[in-house]
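Number of protein chains: 4
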Amino acid sequence: MANSKYEYVRAFEQSDVLLPNTWIVVRIDGRGFKRFTSKYGFRKPNDDRGIGLMNAAAKEVMKELQDLIVGYGVSDEYSFVFHKDCTLFERRASKLTTTIVSIFTAYYVQLWSTYFPQTPLSTPLPSFDGRAVMYPSVGNLRDYLSWRQVDCHINNLYNTAFWAQIQQGGIDPVKAEEELMGTSAADKNEILFSRFGVNYNNEPEVYRKGSVTFRECELTALPSDTSSSVVLDTTEHSAASDLSSIPTPSTSQARPSYGDDQGVLPPAPLSKTAAEKDRKRRAKARIVVEHLDIIKDDFWTQRPWILTGRAGKPVTER
Amino acid sequence: MANSKYEYVRAFEQSDVLLPNTWIVVRIDGRGFKRFTSKYGFRKPNDDRGIGLMNAAAKEVMKELQDLIVGYGVSDEYSFVFHKDCTLFERRASKLTTTIVSIFTAYYVQLWSTYFPQTPLSTPLPSFDGRAVMYPSVGNLRDYLSWRQVDCHINNLYNTAFWAQIQQGGIDPVKAEEELMGTSAADKNEILFSRFGVNYNNEPEVYRKGSVTFRECELTALPSDTSSSVVLDTTEHSAASDLSSIPTPSTSQARPSYGDDQGVLPPAPLSKTAAEKDRKRRAKARIVVEHLDIIKDDFWTQRPWILTGRAGKPVTER
Amino acid sequence: MANSKYEYVRAFEQSDVLLPNTWIVVRIDGRGFKRFTSKYGFRKPNDDRGIGLMNAAAKEVMKELQDLIVGYGVSDEYSFVFHKDCTLFERRASKLTTTIVSIFTAYYVQLWSTYFPQTPLSTPLPSFDGRAVMYPSVGNLRDYLSWRQVDCHINNLYNTAFWAQIQQGGIDPVKAEEELMGTSAADKNEILFSRFGVNYNNEPEVYRKGSVTFRECELTALPSDTSSSVVLDTTEHSAASDLSSIPTPSTSQARPSYGDDQGVLPPAPLSKTAAEKDRKRRAKARIVVEHLDIIKDDFWTQRPWILTGRAGKPVTER
Amino acid sequence: MANSKYEYVRAFEQSDVLLPNTWIVVRIDGRGFKRFTSKYGFRKPNDDRGIGLMNAAAKEVMKELQDLIVGYGVSDEYSFVFHKDCTLFERRASKLTTTIVSIFTAYYVQLWSTYFPQTPLSTPLPSFDGRAVMYPSVGNLRDYLSWRQVDCHINNLYNTAFWAQIQQGGIDPVKAEEELMGTSAADKNEILFSRFGVNYNNEPEVYRKGSVTFRECELTALPSDTSSSVVLDTTEHSAASDLSSIPTPSTSQARPSYGDDQGVLPPAPLSKTAAEKDRKRRAKARIVVEHLDIIKDDFWTQRPWILTGRAGKPVTER
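As given, the protein sequences belong to chains A, B, C and D, one line each in that order. Residue 134 in full-length UniProt numbering sits at position 134 of the first sequence, with consecutive numbering throughout. Residue 107 in full-length UniProt numbering sits at position 107 of the second sequence, with consecutive numbering throughout. Residue 110 in full-length UniProt numbering sits at position 110 of the third sequence, with consecutive numbering throughout. Residue 157 in full-length UniProt numbering sits at position 157 of the fourth sequence, with consecutive numbering throughout.
In this list, chains with the same sequence are indistinguishable; a pair is considered to hold if it fits within one copy or across any two.
Calculated lysine to aspartate or glutamate pairs in the DMTMM-like style (CA-CA distance at most 25 Å, straight line):
#1 Lys296 x Glu203
#2 Lys59 x Asp29
#3 Lys63 x Asp76
#4 Lys5 x Glu276
#5 Lys272 x Glu7
#6 Lys63 x Asp29
#7 Lys39 x Glu77
#8 Lys5 x Asp297
#9 Lys44 x Asp151
#10 Lys175 x Glu203
#11 Lys5 x Asp187
#12 Lys5 x Glu77
#13 Lys34 x Glu64
#14 Lys44 x Glu190
#15 Lys5 x Asp293
#16 Lys5 x Asp151
#17 Lys5 x Glu205
#18 Lys5 x Asp76
#19 Lys5 x Asp29
#20 Lys34 x Asp67
#21 Lys296 x Glu7
#22 Lys5 x Asp298
#23 Lys5 x Glu90
Everything labelled a hint here was simulated from the structure, so no lab data went into it.
This is chain A alone, in the form it adopts within the complex (with noise of 0.2 Å):
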């Protein structure tokens, strides 16, 4: 027996394919988690059971979605970065979105007793929303990591200052935020050390540079001009080399007059054998979660394996 009287109604869903060739960032965000964190009981200015909690979810996202290149996650926010080669889900923003954002919810309830044994969880439980932003380069991505790397240290350098005028300095809130207001960040620096003998630099590095996610490789047999173009975006011609809707160039491009175009088409593509072996590197490679800067050169370069979206020999799971 057929639908088909009403099937029409499937004409009104309309397309939500993001851009080839551009990295998707998906950025999950607690929703009301002020609230949420002040019922449970949340240690001020930084929790390491929800921070745990953030992070064991993020890494399960990273298991199963392998198309995945790097998270990063502060307070009651992640972010997830799709390959810009990526065509999981035909790259449509709707399945992206609310498949991350299940994920992570689901291992978010599932593993909550782990991290909060004493308080169970009653309604309303913690939820999350999310939402997809294209970046065409990697410039732009990475300044788009840098900015909530930024936000992560002035946010955290505040509540730090905040938080130990009210715990130690005995100060309630609006006292501790008047003092604050109009500082500058030496201020607040100078703030802790004097009035709290806390010297901001050794505060630990999951507080002051958030967390960052991502499969551990071996830098081997990587080509070596391989780690400078995370950098300077030197691959960035090599577009929508993998893009599965992309007919395979025919070899006798008989195109005599045209001559060398080397440089701009996409490179040739993985071999079925070579991209079904990157795939199981991939499978195989031990998720970490670190607390590293991010802005600098430094954490892109040593692992090039991130945005050149090839897995290198993998570290696995001891």
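Starting from the known structure of chain A, arrange chains B, C and D on it as the hints suggest.
Here is chains B, C and D on its own, set in the frame of chain A:
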């Protein structure tokens, strides 16, 4: 300390605001539920525990998002409908879809042990994806819901016949599929009745009709013509009457020569007091799950508050 | 010889299909017409030659695009309306807007010498930009057109009073603007009448109402209730009935238990013969330009074929 | 008098802003040009008057829209490229496409009599449609243009062989088509040479390569590494440097611990004076139409100002 250096990356976020005055349907689907239900031993063709869990999660979504007017669920999918006047999250598609998916997932995971006490969840956890579709008219919206309910009917009749052959007839799945190939609905009814003594029309309504979720109100003070409007759509022109971004019409429209345009302009929006009262009524109304025909007019004419979006006197939780 | 090597770039074209069952308004505006009209000495506050040229170009657009049901023009802008069932160019926004803008521009330039025989065009030539907006209900569509016509009224009353002071009162523009600052419509009427003996209501309708373009049909065989539908929008539910991409409902809908859904589903689409006859009627109908009130119901109830999208017996060109 | 009563309809306009930092190609196509060229007796396979008219119209488009960096035309189509940093019309797709289509159409109609003095235009007038496509990298953009130029080559070789058979060989179109069916480029070259004495490589470049339109500048003060960048795309990371909506970085970025991120952030934007000087240079630069290979690197490396978007010393109109 400002974060302006990288903040330009915000300019890459693109608008995904849905068209005003359209009904918004967010449909979510279980990801890989064929494998998931098999792993956890869901009963075939229908598992009451699984259906109960879906409906429980859907009720919580309806409770948290009071802008939702009705939900419809079958198998591993659930459709949620926002009223055409809804302005939640400024109608941003990504916020609407991810929020629904996240709340649904959270409760699905949290309530799992209530419905499947013997089989704790393990990795990979259940998750859902979702998408938003706009429908400009009540007719389109009702046709969408009819489409889903007809699909429920078609699939359930097939599945009932398919699994009867295997579970009661003792034949294997390949053979069962062959038997049903090319059969009409009447044929399947006949197979069920003559071979297995099953009168399909006596099967539980929850299997044959799926589940409808909505707020329960009393029918008291509604104007006499309201019930017809949900069928005939005569209120369609009361466009965008509640759109928060729309300035309130000034009372003295000095347009002497343009005369009477009653019937075209949006009706006077609810006064602040009335809107607040309406909001409270919605919050108090009991959310029910029933298994009714939503294709025929009856369901809608008997519950005019669903499509008018104006709560009647609520039937509260007992 | 294939062109496959570069053809992957086609994958970057993104869908811009407009939502089905919505009225599509394409509004075009003259680019830099303040300077343009000054350069060519347009008369103030209204230039009959300029208005005539706009209307002539608009008529040609209506002639070439038979899916257009009505146009409304004032000053250097023109709005064109596609019926909600229109499937021209698969409803792609870019095709619809650029085609209208291009046809309009072509005739504006070509017919220029007919309306301005003394002043040949020189660089830069007149040009227009445009955009498409969707309106889900007849009420929204009529409110859009009312918005434009009220704007015409407001601007024309102002301009008439402004230029009367300069042309008849002999004062300079700065002084004229000051005089009108903060005045009501009644004030402006009074200024015109007491100072310059102008009864605004006797000004030509083309200035006060703008120009409406539509196909002229005879009122013969229309069903009795059709006229009310354009006001009350009772036909709103006849969703998407003509969408070419929608499969025709099969005649034997084996859904025995779901009963009567009349009034919800799209009405039977026109048969091929009827559709062809309708198309021919539209092609033959004379396109007229009038200066009527399109805010009140009369315009629409007297010409039901405009919003039903079904041509009556056409009044042909004489 | 306010117009607030109906103004809510503006809320239905949806954003169509194109993604920042992407190259924007607007391609326009003649509507129904097969019939049009036949009606006006265009010569086959190429009509110099028609090509001249297309190029004349394209030059005027380039003159009026100084944000355009290059155009490419063949047959009845023309592609115009906006620089990735372009902020014209806030990058709204509808404004960009309709403006180009309108200017082009205006000049095509106005200049018609210059190129076709014997055959005045009659209804229906020539018109064009258009669409915008974003390309994230220089490689994608160049591949797009290569795609069009290869298409030109393929079609022109075919058409040359096709019409030679008819015009010189005296056979009918059906037979001519049959002869070419399944032939390679070499076959077509051979047919032209052996049967009609035509050496395809001696055909005019305008037919074989199409037409490239761009601003002519002198190569003087450009930094030594600029020429390579247009090939290697090393400047890709200078994202969005000119986006008007992006706040100027504050000079004192108090981020002591995050170190050197040179090479990622956008370069310092041009100073106001420099930007103004650049604008003037662009305005003065002569716009030329040439028939060159734009697939190979040479065209781009010899004219670095095209892709850098920074004008060199202009070659002015003589």
